[in-house]
Amino acid sequence: MVSILLILCWINFHFFSSQAIPSASFQPKNVIQVLNIGQNPFPFIHPKSFYHLKHLKQLYLINASALAKIHVDAFDGVENLEMLELSNNQALKHIDTNVFNNLYSLSSLILSNNSFESLEIDLITKYKKFDLYLDVRGNPFNCNCSLEWLNFHLIRMFNKTISSNPDYFLNQNITFPIFNLATLLNENISEIIMKQNALDVRCHSPFSLKDKFIIKLHKDKFGCFLLESIIPIVIGGIFGLLIIGGVIILLVIQCRNQLSGFVKNQLYTENQRSNQLDLYPKPEFVFISTYNDFYKNPANINAAMEEFSVRYPLNQAAQQPTTEL
-3 MVSILLILCW
7 INFHFFSSQA
17 IPSASFQPKN
27 VIQVLNIGQN
37 PFPFIHPKSF
47 YHLKHLKQLY
57 LINASALAKI
67 HVDAFDGVEN
77 LEMLELSNNQ
87 ALKHIDTNVF
97 NNLYSLSSLI
107 LSNNSFESLE
117 IDLITKYKKF
127 DLYLDVRGNP
137 FNCNCSLEWL
147 NFHLIRMFNK
157 TISSNPDYFL
167 NQNITFPIFN
177 LATLLNENIS
187 EIIMKQNALD
197 VRCHSPFSLK
207 DKFIIKLHKD
217 KFGCFLLESI
227 IPIVIGGIFG
237 LLIIGGVIIL
247 LVIQCRNQLS
257 GFVKNQLYTE
267 NQRSNQLDLY
277 PKPEFVFIST
287 YNDFYKNPAN
297 INAAMEEFSV
307 RYPLNQAAQQ
317 PTTEL
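Heads up: the sequence shown at position 219 corresponds to 215 in my numbering, and the numbers run straight through without jumps.
Keep in mind that the hints are not guaranteed to be accurate.
[Claimed, not checked] Computed spacing ranges between beta-carbons, pair by pair:
| hint | residue 1 | residue 2 | range |
| --- | --- | --- | --- |
| 1 | G233 | H51 | 55 to 65 Å |
| 2 | Q250 | T121 | 52 to 62 Å |
| 3 | K206 | P228 | 52 to 62 Å |
| 4 | I239 | S61 | 55 to 65 Å |
[Unchecked claim] Computed cross-link-like contacts, DSSO-like style, restricted to lysine-lysine with a CA-CA straight-line distance of at most 27 Å:
| hint | residue 1 | residue 2 |
| --- | --- | --- |
| 5 | K53 | K89 |
| 6 | K53 | K25 |
| 7 | K217 | K206 |
These are computed hints drawn from the structure, not numbers from a lab. Source: prediction; values computed, not measured. No residue lacks a Cβ here, since even glycine has one placed at the ideal position from N, Cα and C.
Hey, can you work out the whole structure from these sequences and the hints?
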């Protein structure tokens, strides 16, 4: 088997009931250029499954009913691969955007009739000027903003088809380039799209766009304008809230400072009043131990009166004798 694989350029591993890709059968010195390994029940494509296939040009992974996951490094080592088909794998719902990173020579990518609801633009941005031939028809796409790039890419592919046979399309009364909605809505466009199978990519959801050609949808249908209009509003709202919050904080600080100053002034005023009261002389009291001690000795009374008159002298006017009329 190994010696045969060394000299064969085309290998078909259909219906081998293999649970995994037979990577061990691919020897370093093989010259395999075409490999068809579909219709096997393997659920996962492991890292570097095709690492020794340095001369591989075309790879077909078709009708693998259990295939649900592809490792991001699954296609390492096949830098010369030009055509890759991953189609009719109903369990395949997601594919990593970096899985094709090392396929520098890839010119055709077929991902038809899987279960993809969305595909990221990063799958193809590495290919110059969107020149990659991409076939993604038959997937249950949810036509939202994440798929607007596909609309643009299909139009590019369509324009490329027009440029290869301009006389035919001119006879169909189709102007180009077709980057405008009026041209896309031309009645003849649908027939041409049906003939160009790779362009027959339709929406599965939402319900309002079900079975609509993605290539004919205006960009507003993808809802990206909502995001573009909402984002500035959200950013403006955030800045507005920050400004309002800052103003409120400044007002609170100002009110606190004013209240603090008012309290300090009140305390200062009270202290001033207290200090002024301290300037007035306080009455002095003479305490006598008992009533009997005071009145038994008349000298005590005279002494007390003299002391009182010295401490609290009468006004001069009060001391002048009064004249009887």
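Here is how each hint holds up against the structure:
1. G233 / H51: 55 to 65 Å: holds (58 Å)
2. Q250 / T121: 52 to 62 Å: holds (54 Å)
3. K206 / P228: 52 to 62 Å: Taking Cβ atoms as reference, K206 and P228 lie about 31 Å apart, which means the hint is violated.
4. I239 / S61: 55 to 65 Å: holds (59 Å)
5. K53 / K89: holds (26 Å)
6. K53 / K25: Satisfied, since the Cα-Cα distance of roughly 15 Å is no more than 27 Å.
7. K217 / K206: Within the cut-off at roughly 12 Å; holds.
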